[in-house]
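There are 2 protein chains.
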Amino acid sequence: MGPSVLPVAPTRGRLRPLGLDEVRITGGFWARRRHTNESATLGHCRDWMERVGWTGNFRAAAQGRAHRDRRGREFADSEVYKLLEAMAWQAGPGSPLDTDIAALTEVVASAQEPDGYLNTAFGHPGQPARYSDLEWGHELYCNGFLIQAGVAQARARGEGEGELTKIARRTADHVCATFGRGGIEGVCGHPEIETALVELARATGEQRYLDQAAIFIDRRGHGTLADGEFGRVYYQDDVPVRRATVLRGHAVRALYLAAGAVDVAVETGDDDLLDAVVRQWEATVARRTHLTGGMGSHHRDESFGDDFVLPPDRSYSETCAGVASVMLSWRLLLATGDPRYADLAERTLFNVVATSPAEDGRAFFYANTLHRRHRGAVPAADAVSARAESSLRAPWFAVSCCPTNVARTLAQLPAYLATADDHGLQLHQYADAEIATSLAGGHDVALRVRTDYPSGGTVSVRIDRSSSGRPWTVSLRVPAWTQGATAWLVDPDGARRTVPPGMAEVTRRFRPGDEIRLELPVRPRWIRADPRVDAVRGTVAVQRGPLVYCAESVDLPGGHDVEVIRVDPAASPKDGPDGTVVTPGQITAYDVQRDGTWPYRPLDAAAAEPSTDRAEIVLVPYHSWANRGPSTVRVWLPVVEPTRAIPPDSTPTGR
Amino acid sequence: MGPSVLPVAPTRGRLRPLGLDEVRITGGFWARRRHTNESATLGHCRDWMERVGWTGNFRAAAQGRAHRDRRGREFADSEVYKLLEAMAWQAGPGSPLDTDIAALTEVVASAQEPDGYLNTAFGHPGQPARYSDLEWGHELYCNGFLIQAGVAQARARGEGEGELTKIARRTADHVCATFGRGGIEGVCGHPEIETALVELARATGEQRYLDQAAIFIDRRGHGTLADGEFGRVYYQDDVPVRRATVLRGHAVRALYLAAGAVDVAVETGDDDLLDAVVRQWEATVARRTHLTGGMGSHHRDESFGDDFVLPPDRSYSETCAGVASVMLSWRLLLATGDPRYADLAERTLFNVVATSPAEDGRAFFYANTLHRRHRGAVPAADAVSARAESSLRAPWFAVSCCPTNVARTLAQLPAYLATADDHGLQLHQYADAEIATSLAGGHDVALRVRTDYPSGGTVSVRIDRSSSGRPWTVSLRVPAWTQGATAWLVDPDGARRTVPPGMAEVTRRFRPGDEIRLELPVRPRWIRADPRVDAVRGTVAVQRGPLVYCAESVDLPGGHDVEVIRVDPAASPKDGPDGTVVTPGQITAYDVQRDGTWPYRPLDAAAAEPSTDRAEIVLVPYHSWANRGPSTVRVWLPVVEPTRAIPPDSTPTGR
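Taken in order, these protein sequences are the chains called X and U. For the first sequence, the residue numbers in my numbering are 177 to 831. For the second sequence, the residue numbers in my numbering are 177 to 831.
Next up, chain X with everything else stripped away, as it sits in the complex (with noise of 0.2 Å):
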């Protein structure tokens, strides 16, 4: 097993990851996620396993009456696997989450088979056999979490050979056993394995496991699963990974399938399947992702819409395609060293993996809307939620993927903010951190980075240990949002210079107490869409840094919910109190009973309109709403019309 504490570790790219054991945030906006991650969400999870019977079915499976006892659906035994995945990188050798992970590692491992299979769903006594249902059946999926898991505990516990590490291998043995070269001809309905298999390979040297990923990213998009309800684009076996040209389908299946084609294009030096990747990426982050950096349109599959097919108030925006998101991004960030991937992952973590969790870490967004029209309800605290669309953050989920994906996510956020290459250390993301890795040549460096970001837009990078005198290269990502503005990089002479969206370089023989500085313009803008994204025409958002706001409806005056306002981009959002944005614009007094039977008229026809009182409109950041009881909301702002935009000092134009 490899040194560091990584979740991704490449054996070739052109960065290299810097594990947990390396990189530790000490405060912040993520330091707080992640603490309520460790206090309450990894054990709100434990305990809503438990309850709805996914830990027991493994107890089931065991004692032979999985067939009678199983619980929950196809995939249920995945969570208990990304648990303990979310476990290992959050908790660190010694932790007191020990019991938890030694406890579910025995319940897992009492239902391995002696042949290495392991799944409650299948292959028991009564049930269906095993690998009968590719299409939905999510057996391969599951092992990918348990190999998942076992690498996580090898890594960041010191393992070694653990017992959750033994029972992976022991899968994916019977894995490459099963579906290699003259076995089963067949792909999972979920991709998930392919990436997880190529860790696997990268944690024990084991060339086999990387061979079946590759066998998986080459078997898919030749139509050995069947032509469903959804057609085989649902789960990207329509057309080979390497002649794709965009993502498509289920968006959390393309997104991880996209993942694991890097994982075994970078580890077998295959540059076309890379490149394949990177144009799927680029066509899909042109024309299939939200705003927030949420992908998927679509309610019924839950996949990508067309292209432009964005729509806030049926945005899916999936929180597993956010996460899956940021895993492509990272793994393409490692391989090429392009900060546009770092951007992306920013954008997605601070607005759909965040937005996700409740601000106390016990319910969650399934789907993540940009636009909610009515209030709905709280969910029950102790009820499973039958639908993604619940009105607010519900506890748990009878397809329950989003809790257990944000809680990994978190866990092993710190090493997704730096990397390092021969000639120094990037920064990708930014938050109070401490940072230490050995450079070429056993140079030892440390540096200490203290911001307020997302808040502010300052950035510091003190240097603590340079253990040569070698000259070497701080690099720190000025964000794609800063476009049109002016970021500033503050060296440690106190030179200042304008710094472009992309890296921007310090080199020098760096001494301890040398501080870089970046200054990123974080003022509120307004931002406009493309014209073919046709479900926000006529309206705009106001982003803020990297975080994108929202009218809520609880910050409206009178009780009012956000279909009564408009904005006018004329004038300039401002930064008001306790993070919020203010702006001026109107509210329109719709008068439900005056409605009317139709709503369209002739443009020529004369008709009386609603009346409109000027306003200050409030805003606040995405991830946080909903936080405050049931509320309506919207991200895409309608403008004023042009014949009636707001002068300025007018009086009131209504009533």
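The reader is advised that the hints may include incorrect statements.
[As the list claims (entries may be wrong)] To be clear about the criterion: a stretch of chain X counts as covered by chain U if any three or more of its residues have a C-beta under 8 Å from a C-beta of chain U, and this derived list gives those stretches:
1) 457 to 465
2) 473 to 480
[Stated by the list, open to error] If you only want the chain X side, here are some residues facing chain U, beta carbon under 10 Å, derived:
3) 519
4) 704
5) 708
6) 766
7) 782
8) 810
[What the hints assert, rightly or not] Some chain U residues close to chain X (C-beta under 8 Å, calculated; not the full set):
9) 462
10) 568
11) 703
12) 779
Simulated from the structure, these hints should not be mistaken for lab results. For each residue, glycine too, the CB sits at the ideal point set by N, CA and C.
Mind docking chain U on chain X? Use the hints.
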């Protein structure tokens, strides 16, 4: 059985419907559609049901091999019944369709159980038990269509208690015995039987069928059905009919239920129930209906969206919801006499029901999107389409409810044209037609309608017969779409008066040869939506008479797709050749190579705009689209930006 060939024959209500024996469509738009229905669609449906085994299911059930040989979904039986109903209304006595009707009736008869139960998917050896799955089993739904077919045979073919009618009565008796007071306290997951039972009560005079329908209406909304994936709202089991304020859940279910509730309300004099449905209709039309009259926004569960959630590109607007909406509007028109119901029926008939079938009557839209961005492919003429979202009309579907529903609606269409009351005759829909009936006191009247509607706006009504010298009234609906324009009525004396939307009346002692002329302003007009319909902000649509128009890529120069066009609402759309509408606009030359990697940007950031050329945009009736090969389409057309409005007579702005 009643004396007239009436699809819907209430015993009370403001207006008396006229039967297929009293109204004959002699030419024009609907005559062509009905001809295609008779000459192509009915045989097409018959052949497909034989081919996919849905007719064979009855033979299999009769021969005890239903468990092994049954084909299709739970509700496949209903398609055979809907086809029988369509054939009955279309054919009349002595038609060449007689052979088909007799053959299909014999097949159906063979599968009826001695106790009246008839369903090929349940209750036979090896199948699930009868009524073991009220949520999804569709048994009562199928029974409903069987009953409707029995009523149609009796009324349209003068068969009285013919074979199919006897089968239907035995089935209805079985339903009453099973689900009446003291029986199963349940309802069907798909409403339909309610309206069918009332019609059978009307046709037979048997009170028990009406009582059973009233039981089903009152029983729904009390949560007797399971709270499944889409919630009880999906099958309207969330709130009792008389307490609901808007149609919600699965659109076809909601509309069939509302139609049945009107039938029960009318027959039992239950004004509260009628008022409840009127309120639901009003709220639904005001906030949940597309410009075409299409209903249902969600693909996931084929359901209504929230208020004002009417995205053109994800408009579901299921064809069957259009059919069901016409059924509901027609019943409300008969009950109340309010022309707004005929307005919506007209809009829905021309823009939803008429859109579904291809020109040749052998392929159908299941869903009717208002915006398609990719051209897709023509479904194979010999393949069953698995999905509602096929890019073009498909010959048959795995769920093939729409073809037979279109067929039975076109077959009974003459019955929707006119009604009578004590004072005279009302014309609700305009087509070349001959109408003859008896008014109160044995006063026989006949008239002839001549019009090129909807292409032209002149409707001529000539009196052919009036057997008494008493004065009577001819009322003509002035459609709501004339709002803001001028409609004229010319009475037999040549007196000309403007008439507002509503009913225009001419009362006199009519003599043969008297002519009334209605002049409707069918010039094309820009339509805009309530600003709360967020998805169409910044766009306009064109309506000409009752027809909604669209831009279809086959009419754009240079192989462009519809994403490139904008229109200038400052100019008036004008009639073009062959029923088209033309209007000045722009074509934007998007360059996919130059798209960049992110479709959002700051309002204050400079960026190269794609070049734009002036162009004449050609629009065609929406119902006609997709008859010229794969194409893209949009009903809602983006408007030129204010700063870019095209000055009259300016030179091209682009390149």
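(request) Under 8 Å, Cβ to Cβ, is where residue 779 of chain U needs to be relative to chain X, so tell me if that hint holds or is violated. (result) 4 Å, holds
(message) Quick check: do three or more residues in the segment 457 to 465 of chain X have a beta carbon closer than 8 Å to a beta carbon of chain U?
(response) holds (count 5)
(message) Given a cut of 8 Å on the nearest C-beta pair, is the interface hint for residue 703 of chain U held or broken against chain X?
(response) 5 Å, holds
(request) With a cut-off of 8 Å on the beta carbons, see whether residue 568 of chain U makes it to chain X. (result) Given a least distance of 16 Å, the restraint on residue 568 of chain U is violated.
(message) The hint names residue 810 of chain X as touching chain U; please verify it with the least Cβ-Cβ distance against 10 Å.
(response) 8 Å, holds
(message) Tell me if the interface restraint on residue 462 of chain U is satisfied: Cβ within less than 8 Å of some Cβ in chain X.
(response) 5 Å, holds
(message) Just to be careful: measuring from the Cβ of residue 782 of chain X to every Cβ in chain U, is the smallest value less than 10 Å?
(response) Because about 7 Å separates residue 782 of chain X from the closest Cβ in chain U, which is inside the 10 Å limit, the hint holds.
(message) Take the shortest C-beta to C-beta distance between residue 766 of chain X and chain U; is it under 10 Å?
(response) At 7 Å from the nearest chain U Cβ, residue 766 of chain X passes the 10 Å test, so the hint holds.
(request) Using 10 Å as the Cβ threshold, decide whether residue 704 of chain X counts as touching chain U. (result) 5 Å, holds
(request) Go check the segment 473 to 480 of chain X versus chain U for me, would you? Three or more residues, Cβ under 8 Å, otherwise it fails. (result) holds (count 3)
(message) Checking hints one by one. Is residue 519 of chain X an interface residue toward chain U, by the C-beta closer than 10 Å rule?
(response) 9 Å, holds
(request) With chain U as the partner, please determine if residue 708 of chain X meets the hint condition of a C-beta pair closer than 10 Å. (result) 5 Å, holds
In summary, the one numbered hint that this structure violates is 10.
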